[in-house]
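Per our numbering, numbering of the sequence shown is gapless, rising by one per residue and ending at 129.
Rather than coming from a laboratory, the hints here were simulated on the basis of the structure.
You may find that some hints are simply not true.
Said to hold, decoys possible - The calculated SDA-like cross-link candidates involving lysine to any residue, where the alpha carbons are at most 20 Å apart (straight line), are:
| hint | residue 1 | residue 2 |
| --- | --- | --- |
| 1 | Lys-74 | Ala-102 |
| 2 | Lys-74 | Ala-45 |
| 3 | Lys-26 | Lys-78 |
| 4 | Lys-78 | Leu-50 |
| 5 | Lys-111 | Leu-27 |
None of these values were measured; they are calculated from a predicted model.
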Amino acid sequence: MVSGDGIDDKRQRRVLVVDDDQPIQKLFIHAFPQYAVQAFGSAEAALEALRTAEFDVMFVDINLPGMDGFAFAKQVRKDHPDAFIIGMTGAANKFEFSECRAAGFDAYFYKPINIKTIKQLLADRLGEG
1 MVSGDGIDDK
11 RQRRVLVVDD
21 DQPIQKLFIH
31 AFPQYAVQAF
41 GSAEAALEAL
51 RTAEFDVMFV
61 DINLPGMDGF
71 AFAKQVRKDH
81 PDAFIIGMTG
91 AANKFEFSEC
101 RAAGFDAYFY
111 KPINIKTIKQ
121 LLADRLGEG
């Protein structure tokens, strides 16, 4: 069965986390055991994973070494136009929502991460709220 948003209701939801901060990666993995969470420390590694896997939601740090989150989102948007991409940044007020939308992000938030906010974003996107 496929829900109205095109997500197969019978498979485990897949979440991609792209952040060079390992504690953030571990936070997502441990906070959401009900999802298949894959975490990568670079945009390049995450793009490689996207060649063979699909994800329901992507959480991407904007300030990544090498390819930054903006370039990652633009590339993902080209290859996966229906992807749901959420930006994360610790640089409060440095980025405007319009910049994030132009890069292809559907939403973004500031770090430190609020687990309640993330749970709500996931529930809303995956129809579990």
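* Checked against the structure, which of the hints given earlier come out wrong? -> 3
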